[in-house]
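Participant: Please construct the entire structure, taking both the sequences and the accompanying hints into account.
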Amino acid sequence: MACENSGLHVFDFLANSILKEVLAAVTHGRKEALSPGKPTKFLKNYKSSLDFLAHLEGYCPSRSAVVKFRAEVVCVEFMKMWNVGAYFYTRFQEIAGALDSTLAATTLVPIQNSNSGDGKIQNLTLKQSTALLESLRSCWREDVLVLSCSDKFLRLSLQLISRYSNWLSSGLAARKTGNAGSNPGGEWATSAVPEEFIYIIHDINCLTAEVCGDYLGHVLQLLSACSVDVLDLVKQSILQGGKALHALVPPAVKIIIEVLVEKSAEDLRQLKGITATYRMTNKPLPVRHSPYVSGILRPVKAFLDGERATTYLTKETRNEILLGAATDITDRYYELAADLVNVARKTESSLQRIRQGAQRRAGASSDVSDHNVSDTDKICMQLFLDIQEYGRNLAVIGVEAADIPSYRSLWQCVAPQDRQLTINF
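By full-length UniProt numbering, the letter at position 109 of the sequence shown is numbered 109, and the numbering carries on one by one without gaps.
What the hints contain is simulated information worked out from the structure, not anything from laboratory work. Just so you know, these numbers come straight off a predicted model, no measurement behind them. Be aware that a few hints might be false.
[Unchecked claim] Under the rule of at most 25 Å between Cα atoms (straight-line distance), these lysine-lysine pairs were calculated in the PhoX-like manner: (1) K152 to K41; (2) K127 to K176; (3) K301 to K315; (4) K301 to K176; (5) K47 to K152; (6) K254 to K315; (7) K80 to K41; (8) K235 to K152; (9) K254 to K176; (10) K152 to K44; (11) K152 to K38; (12) K346 to K272; (13) K243 to K254; (14) K263 to K315; (15) K47 to K80; (16) K243 to K176; (17) K80 to K44; (18) K301 to K263.
Facilitator: Below you can see the structure in the form of structure tokens.
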């Protein structure tokens, strides 16, 4: 009976004798051990206290005894002296502050020798991206995480991903509007060259793969004691963060395409000189393409053949940029050529009416043309020779000209009647 009673009251002895003495010793003589302002030391002492409690609980003869031991006033007081909320806030400032300070840079900061080192972090190319991954990993490191605050560390992880995504979004928006002032934090994008957006695309892909892969698996493993429903919520929230991040790839690709198209448009605008070449001159029908044609696709080819594009962009992304740029450039080509031909035909018609009026007043026949081949015919022939060469150049970089709707329209706009139905060059 004595043995039975001692078993029932062992938790009382553990709490009111042993634990009470330890609590008094710590609160009166070792208060610095309780300071969350020194997070590394605090966590070490906190974990030691949990190990100590677990050791004491080992003397409890039953589960009910453990529950009663934990409910003792002295045990509750012992746990209260560890301000884990303040500890988390200290870590929050430390982790989030490190990312914020890195994202405050007004330019992208490439990592030197990004292909060296250990771990998946080596795949990243920008310091800003590395800072995100380091911050995310810090949340769940053994020397940082307090499991009782795991919900807070999960929220912090999602906030870090959102902070990085917003930084990217602000930059992409600033680039689109050309005004960083209306998009705070987006200064980096207004001065970035297309090759730097390669780093952005590459790092988004790497981060998305990491967050939705090994990182997610690591978090779920640490929280494996949670219910299935909780684990599913954790999984979905992290996957949603990765999805939102990955959604920024298309806008970044679009910026690259827009810059390449504008560079190509500089050469395209030279076709306006064709009118001056043949209007009111005695030049014969052209027999070769114009010099400007060879430069139209040069910016696209130089970009895609560059070291950064071949190293950091996937084949799918390179093809997306190639087709997107080729399509938009061809759209521009058609707009310029159609406008030029339209103006040439209107001018030709006006001149013809003037000549016919003068001939009628002079009593001459008005149905005889002074020229067998009109200026408009020469302009169209020059454009036809040009777009054939352009089509050959598209084929060289891997694009089928006939598959682009605006190229088909361009062909029909300038091709001779007997060549209208078949596109070949």
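Participant: Hint by hint, where does the structure go against what was stated? Just the numbers, ascending.
Facilitator: Result: no hint breaks.
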